[in-house]
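Undergrad: Chains as they are written, first to last, in the working numbering: chain D, 745 to 1066; chain W, 40 to 356.
Calculated directly from the structure, the hints in this document are not laboratory data.
Take these hints with a grain of salt, some might be off.
Think about it this way: if two alpha-carbon atoms lie no more than 30 Å apart in a straight line, the pair counts; the simulated DSBU-like pairs of lysine-lysine are [stated by the list, open to error]:
id, chain 1, residue 1, chain 2, residue 2
1, D, Lys-775, D, Lys-817
2, D, Lys-937, W, Lys-300
3, W, Lys-185, D, Lys-1009
Listed below are the residues making up each chain.
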Amino acid sequence: MNILEVKNLDMNYETLEGNVSAVKNVSFSVKQGESFGIVGESGCGKTSVAMSLLQLQADNGKITNGEILFNGKDIVSLNETELRDIRWSGISIVFQGAMNSWNPVVKIGEQIREAIREHYPNKSKEDNTNKINELFEIVGLDSTISDRYPHELSGGMKQRAVIALALSCDPKLIIADEPTTALDVVIQDQILKEIRKVQDILGLSLIYISHDIAVIAEMTDNMAVMYAGSIVEMGKTKNVFANPQHSYTRMLLESTPSIVGEKKKLRSLDGEPPSLIDNDNCCLFSYRCPNPTDDCKNRTVEMQLIKFEDEHYVDQCCKDCG
Amino acid sequence: MNKNLIEVKNLQKYFEISSGVFSRNKSIVKAVDGISFDIPHGSSLGLVGQSGCGKTTTARALSLLDPKTGGEVSFYNEDTSSMESIDELDGEELKNFRRNIQMIFQDPYESLNPRWNIKDIILEPLNIHNIGNLSDREEAVYEILKTVGLTPPENYMPRFPHELSGGQRQRVSIARTLIMKPKFVVCDEPTSMLDVSIRISIMDLMLNLAKDLEVSYLYITHDLAVARYMCDRIAVMFNGKIVEIAETEELLNNPIHPYTKRLISSIPIPDPTYTRAEYKVDFNELEGIISSNKEGKDMIEVSKNHFIATHDVKGLL
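Could you build the full structure based on these sequences and the hints that come with them?
TA: Here it is, written out as structure tokens:
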């Protein structure tokens, strides 16, 4: 069963220079218990997608088209009060650099308690304390952390506590936006294991956003590759890695160093990401594509995901270039 | 000619921390605690480890930005064809010597002066060392910009750092470093702030320049996959000490020290069908190696050019 379905989502930022189409015609779905990865370079719209799911985008960001169905109910049209019910108790999010988002003068436990009180005002203080201890146990923290201030914890501990906070109102879906980017490799490894464990125990769905394709390979069942606001390839993680169809996906894979297997020459992704202001709806990768066809150069092919094989989709512009 | 460009013996950098009333309580932080390695001409050594293990302190001590508190660093002197300790240098000699060692910093957004244009930024070292006349210097800047791939150079010379992307800024840093024709460049995570898409092109640029200009690197990173791509040998650092040092493929295929194994097991692999071996540190395995070390040396050679530390493994992880 699909817990989340995003259909033809468009999101624009209105700026002085023009409309920035940060999310263009994005559709994907996340099943119960599944983990779904979104990968792409900086500025490709990964975080904008995450923010639009909870409508937490900046004030100048507007969803101009599309539906976001959470448990079958469209949440684009909801007002702030109705959204509050879904935020945290339906969908919660671990922000990028979230460990720096703790209030420095309030104890960790109190900050989590605050979130629970907001959603379940009738629960007793004792219930909440038990809940927090339980959450800490799940993410591998000692219950004494409750009484600590954020500055007393290391980066890894703060990030675990953020995950506990994200779990505090029993969400069905967690969005993890680069949750390990500021951490070093050993701590990253521990946090990734923790997230996987939590997902197993609680049967949660997960949207995992990262620029690191190696982490996506480890964490997700299905994945989407984003480029310039659009999904250019989507499918089972295994299939996308084994048989990448889009030139951009291939370049991402070939530009990732690994410590196993033959040491091979890596390929650099030349060129800069395109401007997203006032574009037509043609493939924006054609400027950087290693072997563009005449059709892409003349910009006659509209961007549209087409089926390549079962549960594996690729943008139609790139089906001939590879 | 001596095969080594730089030899480091027992390098120490201790910081004194004072606290309490009138700073009466003093304690010492051993950020770098007796590390030794050498780097042959034209070869690159990767220094990997977690945050706070002393990688950057080592870099700063080696590039003479901070004075070391102990140990010996010797550098190959071309004129005398012998190794020369840097402690013996002072005044003009030291200034000349500094030309041989340059550093590339982690953050290209902070390490370039925002009020200077690119030409002035790259000219500065030439001015300080008083090399050539103005037109020679400008010619050198023009050439080096071409070398690092910022073409056409005349477009970049009048620009300011904020007008450039992260990758372009890091190219400027590299140009500023290489214009002194150094023999040895210390790179402190030069690609970790950059986006995936431009990371490889900067790494490739550095590899090509190393080959063309015969530069040796000390390459600092926390990512073993990057170190594998960039370095001939890798040294693994933990708590201010080097725990294992070997040729890159040897280190990755036959890690011996438990900390190295733990580090390797935590690197994600870009292959969804690959299952990483989970590694829990097993100290018994190490016990044998330590007890066989009767001479009390800090590092022992377990196979050709593969050294491991024998101290302080109990406190690991």
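Undergrad: Next step is simple, just say for each hint if it's right about the structure.
TA: Verification of the supplied hints:
1. Proximity of D/Lys-775 to D/Lys-817 is assessed by CA-CA distance (about 15 Å); at most 30 Å being required, the pair is judged to hold.
2. For the hint pairing D/Lys-937 with W/Lys-300, the CA-to-CA distance comes to about 17 Å; that is within 30 Å, so the pair holds.
3. Between the alpha carbons of W/Lys-185 and D/Lys-1009 the distance comes to roughly 23 Å, so the proposed pair stays at or under 30 Å and holds.
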